[in-house]
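Construct the entire structure; sequences and hints are all you get.
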Amino acid sequence: MTILTVRTVGDPVLRTVCDDITVFDADLKKLIADMLETMYEVNGVGLAGPQVGISKRIFTFGNIDDREGYVINPVLEVGEEDQEGGEGCLSVPGLSSDTPRKNWARVTGVDADNKPVSFEGEGLFARMLQHETDHLYGKMFIDRVVGEDKKRIMRAIRAANYDQISSATRSERASAVSSAFGAGASFGAVGAHKPGSAFGGK
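Heads up: the sequence shown begins at -5 in the working numbering, then just goes up one per residue.
DSS-like, lysine-lysine: derived pairs with alpha carbons at most 27 Å apart:
1. 133 to 145
2. 96 to 145
3. 24 to 109
4. 144 to 133
5. 133 to 23
No lab work stands behind these hints: they were computed from the structure.
The model shown is predicted, which means the values in this text are computed figures rather than measured ones.
Put into structure tokens, the structure is as follows:
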């Protein structure tokens, strides 16, 4: 298995609406294994395709409620009750903020054999399902932060110069070998991001 490059805010792949996965083969199973390995390496509770440079509808999860898994081509449902809580992201290292979410969520999709799967939960698990599904539509938790928290997050992002970091990462990986999941996928090993937030680390 391979530890994949985690893309950071400013990388265009994180703002891309992902395509459905239509080919279910050994390459897909390897991607799932690599995503799970990467997620655990960086102490995350979820990791979506675009976060590792793959613009496909897939995410993995673990380190949360003793549950581990992945969903391909997920469809999200949410309840009406709101929840409050902090949220961070492996793609925005070191930053977190209160982020409005619904308290219950369910995703339905398929597994690596194109068989139906479904996962649902409340609280943190529901927050994770919503957070990871957002990634597949080119959205990030920073888009949902409001008020003064929004201003604080955006100032911190500008100060951290993530655009320059992302540009350097893309340049370093420009010669990466294309895969069944599209050119530009990053398969090189990198150091782990370890921000202490709900989706950036435990």
